[in-house]
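Below are the chains, spelled out letter by letter.
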Amino acid sequence: DTAVSQTPKYLVTQMGNDKSIKCEQNLGHDTMYWYKQDSKKFLKIMFSYNNKELIINETVPNRFSPKSPDKAHLNLHINSLELGDSAVYFCASSEGRVPPKAGELFFGEGSRLTVL
Amino acid sequence: DAKTTQPTSMDCAEGRAANLPCNHSTISGNEYVYWYRQIHSQGPQYIIHGLKNNETNEMASLIITEDRKSSTLILPHATLRDTAVYYCIVMGTNAGKSTFGDGTTLTVKP
Numbered sequence: 001d002t003a004v005s006q007t008p009k010y011l012v013t014q015m016g017n018d019k020s021i022k023c024e025q026n027l028g029h030d031t032m033y034w035y036k037q038d039s040k041k042f043l044k045i046m047f048s049y050n051n052k053e054l055i056i057n058e059t060v061p062n063r064f065s066p067k068s069p070d071k072a073h074l075n076l077h078i079n080s081l082e083l084g085d086s087a088v089y090f091c092a093s094s095e096g097r098v099p100p101k102a103g104e105l106f107f108g109e110g111s112r113l114t115v116l
Numbered sequence: 001d002a003k004t005t006q007p008t009s010m011d012c013a014e015g016r017a018a019n020l021p022c023n024h025s026t027i028s029g030n031e032y033v034y035w036y037r038q039i040h041s042q043g044p045q046y047i048i049h050g051l052k053n054n055e056t057n058e059m060a061s062l063i064i065t066e067d068r069k070s071s072t073l074i075l076p077h078a079t080l081r082d083t084a085v086y087y088c089i090v091m092g093t094n095a096g097k098s099t100f101g102d103g104t105t106l107t108v109k110p
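Sequence lines, in order, name chains A and B.
The first sequence: position 86 = 86 (our numbering), numbered continuously.
The second sequence: position 72 = 72 (our numbering), numbered continuously.
Calculated from the structure, these hints are not laboratory results.
Among the hints, a few may not be true.
Claimed, not checked - Mimicking DSSO-like on lysine-lysine, the simulated pairs with C-alpha atoms at most 27 Å apart in a straight line are: (1) A/101 with B/52; (2) A/9 with A/36; (3) A/101 with B/3; (4) A/41 with B/109; (5) A/19 with A/36; (6) A/19 with A/71; (7) A/71 with A/40; (8) B/109 with A/40; (9) A/52 with A/9; (10) B/52 with A/44; (11) B/69 with B/52; (12) B/69 with A/101; (13) B/69 with B/3; (14) B/3 with A/41; (15) A/71 with A/52; (16) A/40 with B/52; (17) B/109 with A/44; (18) A/67 with A/101; (19) A/22 with A/9; (20) A/44 with B/69; (21) A/22 with A/67; (22) A/36 with B/3; (23) B/3 with A/40; (24) A/52 with A/40.
Unchecked claim - Over the 10 Å line for every Cβ pair with chain A, so calculated as not near, a few chain B residues: (25) 59; (26) 82; (27) 93.
Where is the CB? At the ideal position from N, CA and C, for every residue including glycine.
So that you can see chain A by itself, here it is in the shape it has in the complex (with noise of 0.2 Å):
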């Protein structure tokens, strides 16, 4: 009964490989992120999908290429990928896009990415 579920949970890849992480949510949820933390422990938002549209998109290379085909899912793909893109990345989900309940987060348990 995970709340937040992303897969897969470790990833190990070659630099130039185009991969894919996949997260679900069964919280009912209308809101959605993508979060990355690098070796530094910063974790720092890459995008946000409420209702499937996506509300927030952070100065993220455009190899990195999220979608959500419902309220759910949200999916994130990455082509190309570069020694910098290993890193965790955190799919999480909150009720609604704005202060208080948008702060409340609940967050997958990562999937690791080392890049190659």
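Please arrange chain B on chain A, whose structure you already have, making use of the hints.
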């Protein structure tokens, strides 16, 4: 969104109260203060939030100063399982855009 500053690390004895401070001196009137924690290798976990008043839930208490420029998260009886990185973030209308900073690494010792 306002930025926050927190001490890099703190220790606390098991069973004692852990008081974690956060400075958010540039907070705006419509911005909330949220606290999260991240236990090693896990996803961040929401703890509590507040706007002006002090708040308490089953996990912790949040004390916000009257001028709202700082706050303190209180874990009343810290256990070893409370060892984690604690993040204080401020969030306004640009919900979700707040960056989780360095946080405070709390180590609860037996």
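Hint-by-hint comparison with the structure:
The suggested pairing of residue 101 of chain A with residue 52 of chain B holds, with an alpha-carbon distance near 16 Å, which does not exceed 27 Å. Note on residue 9 of chain A and residue 36 of chain A: the hinted pairing holds, with a Cα-Cα distance of about 14 Å set against a maximum of 27 Å. Using a Cα cut-off of 27 Å, the hinted pair residue 101 of chain A and residue 3 of chain B holds, with the two alpha carbons roughly 20 Å apart. In summary, the hint linking residue 41 of chain A to residue 109 of chain B is supported, as the alpha carbons are separated by about 23 Å, within the 27 Å threshold.
A C-alpha spacing of about 15 Å is found between residue 19 of chain A and residue 36 of chain A, which places the hinted pair at or below 27 Å, so the restraint holds. Note on residue 19 of chain A and residue 71 of chain A: the hinted pairing holds, with a Cα-Cα distance of about 22 Å set against a maximum of 27 Å. Our distance criterion of 27 Å between C-alpha atoms is broken by residue 71 of chain A and residue 40 of chain A, whose separation comes to about 31 Å. In summary, the hint linking residue 109 of chain B to residue 40 of chain A is supported, as the alpha carbons are separated by about 25 Å, within the 27 Å threshold.
Only pairs whose Cα atoms come within 27 Å are accepted, and residue 52 of chain A paired with residue 9 of chain A is accepted, the gap being roughly 24 Å. For a cut-off of 27 Å, the pair hint linking residue 52 of chain B to residue 44 of chain A stands: about 26 Å separates their Cα positions. Proposed proximity of residue 69 of chain B and residue 52 of chain B is supported: the alpha carbons are some 10 Å apart, at most 27 Å. At most 27 Å may separate the alpha-carbon atoms for a hinted pair to count; residue 69 of chain B and residue 101 of chain A meet this at roughly 22 Å.
In summary, the hint linking residue 69 of chain B to residue 3 of chain B is supported, as the alpha carbons are separated by about 11 Å, within the 27 Å threshold. Of the supplied pair hints, the one linking residue 3 of chain B and residue 41 of chain A holds, its CA atoms being roughly 17 Å apart against a limit of 27 Å. Proposed proximity of residue 71 of chain A and residue 52 of chain A is supported: the alpha carbons are some 5 Å apart, at most 27 Å. Of the supplied pair hints, the one linking residue 40 of chain A and residue 52 of chain B is violated, its CA atoms being roughly 32 Å apart against a limit of 27 Å.
At most 27 Å may separate the alpha-carbon atoms for a hinted pair to count; residue 109 of chain B and residue 44 of chain A exceed this at roughly 30 Å. At roughly 23 Å between alpha-carbon atoms, residue 67 of chain A and residue 101 of chain A fall within 27 Å of each other, so this suggested pair holds. Proximity of residue 22 of chain A to residue 9 of chain A is assessed by CA-CA distance (about 10 Å); at most 27 Å being required, the pair is judged to hold. With a CA separation close to 23 Å, the supplied pair residue 44 of chain A and residue 69 of chain B stays within the 27 Å bound.
With a CA separation close to 10 Å, the supplied pair residue 22 of chain A and residue 67 of chain A stays within the 27 Å bound. Pair hint residue 36 of chain A plus residue 3 of chain B holds up; C-alpha atoms about 18 Å apart against a cutoff of 27 Å. This hinted pair checks out: residue 3 of chain B and residue 40 of chain A have alpha carbons roughly 18 Å apart, not beyond 27 Å. Restraint check: the Cα-Cα separation between residue 52 of chain A and residue 40 of chain A comes to about 31 Å, which exceeds 27 Å; the hinted pair is violated.
For residue 59 of chain B, the requirement that its beta carbon stay farther than 10 Å from each beta carbon of chain A is met, with the minimum near 13 Å. No Cβ of chain A approaches the Cβ of residue 82 of chain B within 10 Å, the least distance being about 18 Å, so the stated non-interface status holds. Residue 93 of chain B, annotated as away from the interface, has a beta carbon of chain A within 10 Å; the closest lies near 6 Å.
Hints 7, 16, 17, 24 and 27 from the list above are not met by this structure, while the remaining hints are.
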